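Chains as they are written, first to last, in the UniProt record's numbering: chain A, 1 to 154; chain B, 1 to 154.
Accuracy of the hints is not assured; some may be wrong.
Each pair may be met inside one copy or between any two copies, as identical chains are not told apart.
[Stated by the list, open to error] Calculated lysine-lysine pairs in the DSSO-like style (CA-CA distance at most 30 Å, straight line):
1) Lys107 with Lys34
2) Lys122 with Lys107
3) Lys77 with Lys107
4) Lys24 with Lys145
Calculated directly from the structure, the hints in this document are not laboratory data.
Since the structure is predicted, the reported quantities are computational estimates derived from the model, not experimental observations.
Here is how the chains run, residue by residue.
There are 2 protein chains.
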Amino acid sequence: MNVEYINPFLSSLVNVLSTMANTKIVPGQPRVKKDEVAQGDVSGLIGMVGPTMKGSFSVSFDESLAIEIMFRMLGEKPAGINADVTDMVGEITNMVTGGAKRILGEKGYEFSMATPIVVSGKNHTITHKCDGPTILMPFNSDFGKVHIEVSFDK
Amino acid sequence: MNVEYINPFLSSLVNVLSTMANTKIVPGQPRVKKDEVAQGDVSGLIGMVGPTMKGSFSVSFDESLAIEIMFRMLGEKPAGINADVTDMVGEITNMVTGGAKRILGEKGYEFSMATPIVVSGKNHTITHKCDGPTILMPFNSDFGKVHIEVSFDK
């Protein structure tokens with residue numbers, strides 16, 4: 001696994017948030033996650049299984065950003081993370097992974113997606129338990145932070 | 001998806017904790033998860049993809065129980081959830097899903113497992129975003145609670 005795998009997820013997230021929610025996010029520096037702890041308030045996770053690779057993807061939002069995206073996509077502004085927000089985060093997770101899957105498939109990296117899982121809880125952390133390294137990509141926006149993590153077994 | 005899918009995960013978890021950590025857990029009533037919120041402090045999650053089905057599994061521990069299992073398996077008793085505990089939870093997630101996969105495979109339900117993901121954070125909640133219902137199975141023990149959730153698309 002190397003940093004090139006992260007780019008399809010990166011561009012897919014930027015694209016989904018821009019087209020679906022008119023929200024601009026600014027990529028930071030991608031890096032191999034070592035002892036670093038990256039926190040989020042609501043995260044979408046998905047497993048990926050291919051003939052020669054398997055792995056996992058996560059996208060973690062600050063609550064403030066998730067709620068702003070909710071407002072921009074659906075016109076609702078809930079007081080906190082509720083079932084509508086977790087539905088939206090699950091949908092974003094599916095769309096981002098689906099977009100990355102298409103790009104990686106064209107490069108010969110084929111995989112199928114499991115169904116997404118959404119975690120909510122203030123300042124939770126995620127660890128991808130993969131043989132390969134986890135690549136972390138942080139983003140900033142006017143409404144809070146979001147980061148993605150990708151890990152493949154090879 | 002019906003309750004029969006949960007049984008292989010149930011027996012696999014009971015078996016793994018009993019043989020690996022000499023820890024007895026007592027199953028409660030399995031049920032379809034609706035508006036209910038089930039919290040955990042450390043959870044292992046895994047995606048599953050088969051030719052005709054896909055889904056996700058999670059197992060969520062109270063911190064006290066996770067640390068007791070750690071102590072019984074490895075002789076260490078950390079003050080809180082650290083990298084060793086998340087490693088152990090990832091490993092338990094793999095073993096439980098692997099055990100259930102064998103049993104379900106014999107019944108004709110084939111799937112491949114993605115790599116596990118571990119979430120830590122006090123009182124987080126998990127939502128499986130699947131077309132099918134989520135089955136929730138709670139357990140009690142002398143050291144705290146654990147519950148599993150399973151969801152398949154069909």
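Against the structure, the hints come out as follows:
{"no.": "1", "hint": "Lys107 with Lys34", "in the structure": "within (27 Å within a copy, 41 Å between copies)"}
{"no.": "2", "hint": "Lys122 with Lys107", "in the structure": "neither (37 Å within a copy, 40 Å between copies)"}
{"no.": "3", "hint": "Lys77 with Lys107", "in the structure": "neither (40 Å within a copy, 46 Å between copies)"}
{"no.": "4", "hint": "Lys24 with Lys145", "in the structure": "within (11 Å within a copy, 42 Å between copies)"}
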